[in-house]
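J.: Listed here are the chains, written in short residue letters.
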Amino acid sequence: MSLPGTPSQTVGPFYSIGLCRREDNELDPNGVELRGTLYDGKGEPVPDGMIELWDAASATWGRCGTAEEAGGFRFRVPRDAAVLEVLVFSRGMLQHERTRVYLRAGDDEVWRALDDAQRARLLAQRDGDALVFDIRMQGEDATVFFEQ
Amino acid sequence: MSVAVDPYEGPVVLGDDPSFGPEVQVDYPGYRSTRWRVPKRPLVTLPEELMALDGPVFGEDAIDELDNDLTRRHEGEPLGERITVSGRVLDEDGRPLRGTLVEIWQANAAGRYRHEVDQHPAPLDPNFSGAGRCLTGDEGRYRFTTIKPGSYPWRNHPNAWRPNHIHFSVFGRLFRQRLVTQMYFPGDPLFAYDPIFNSVRDPEARKLLIARFDLETTVPEWSLAYEWDIVLGRGGRGTTPLEPQ
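So the protein sequences, as listed, match chains U and D. For the first sequence, counting from 1, position 130 maps to 157 in this note's numbering; every step adds exactly one. For the second sequence, counting from 1, position 102 maps to 886 in this note's numbering; every step adds exactly one.
These aren't lab readings, by the way, just hints derived from the structure by calculation. Honestly, I wouldn't trust all of these hints.
[Unchecked claim] Below, computed lysine to aspartate or glutamate pairings styled on DMTMM-like, alpha-carbon distance capped at 20 Å:
#, chain 1, residue 1, chain 2, residue 2
1, U, Lys69, D, Asp811
2, D, Lys824, D, Glu793
3, D, Lys824, U, Asp168
4, D, Lys824, U, Glu167
5, U, Lys69, D, Glu793
All values derive from a computational prediction rather than experimental measurement.
Input sequences plus hints: build the corresponding full structure.
T.: Next up, the structure:
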């Protein structure tokens, strides 16, 4: 007999009190910068969101709120990472969403099952020494989100 | 002739719909901010190995001393009704999840968050930050000492007030067990009017968000006790509906 799961509720606008007490955005302090902006369906930056990254290969985790950079987030991630699991939280989202960021063109099962347009939305773009990965909740070029 | 109805201009609270089970309705129109923030395209299925992925594990270094006592973080004691909130973190099979990180945050007794965005004209309490965390112990137990948070207005709709609640963030063992939710207090008169609470459409599932007052663990002459177990299920959409009670 399986127990019903506790339902999700929004992280709300004040999550940083509890969830951003420490600097948690370096999965690898010597890693490559991965930055981006979280956008809503109107194309406006979301300044009360939060991104969590999980690199299962190196078992490193990070978290960054989007308040300080008005919708922007910034991490340092392992240079040799291929793909990271991503969770997106914000006020207005009753449950977090799951996506992935590929640091280079992938060769895994998920990547192979996506079409070119979907791949383009999950592939971080190089900008100098950094990688850029924007997350768009809705719209023509919305990020691909996965079942959880 | 049919007239298009904008669901975001409709009622703040929709009727019950048990078919949702423990799933929250992510595009619940009464919570207006969902409109531009919820994905519109169907979600893509992941292969089983990614659904079974382990998540992050946190050790004692994630916890500061007194992190589980929100009443002892400052020089003086915060104002308000002192409470303990405790319970177990379980998986769907009822197995306790030990050593998992639980983080909480909340308004003070006057209904004000210590956050620059909170403009509610209620007093801040110099002795209350409103944040805590702990790792679950044996039997998956967590325990916090805090004060009962106050209700506060928000601008979702005219005369909108949130029921008293404490925000919880829990990791679990699997990556997909990640949960951020809110714990409510029994008998709150605002339940019927709150779109966030009612975005859980199944009335049986809403009960899972409400703590139980517990006289047994209430400490005489000291603090009222609330018990609340957290079950980390399969996550959201795709969850099996609750059995009829």
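J.: Does the structure break any of the earlier hints, and which numbers would those be?
T.: none
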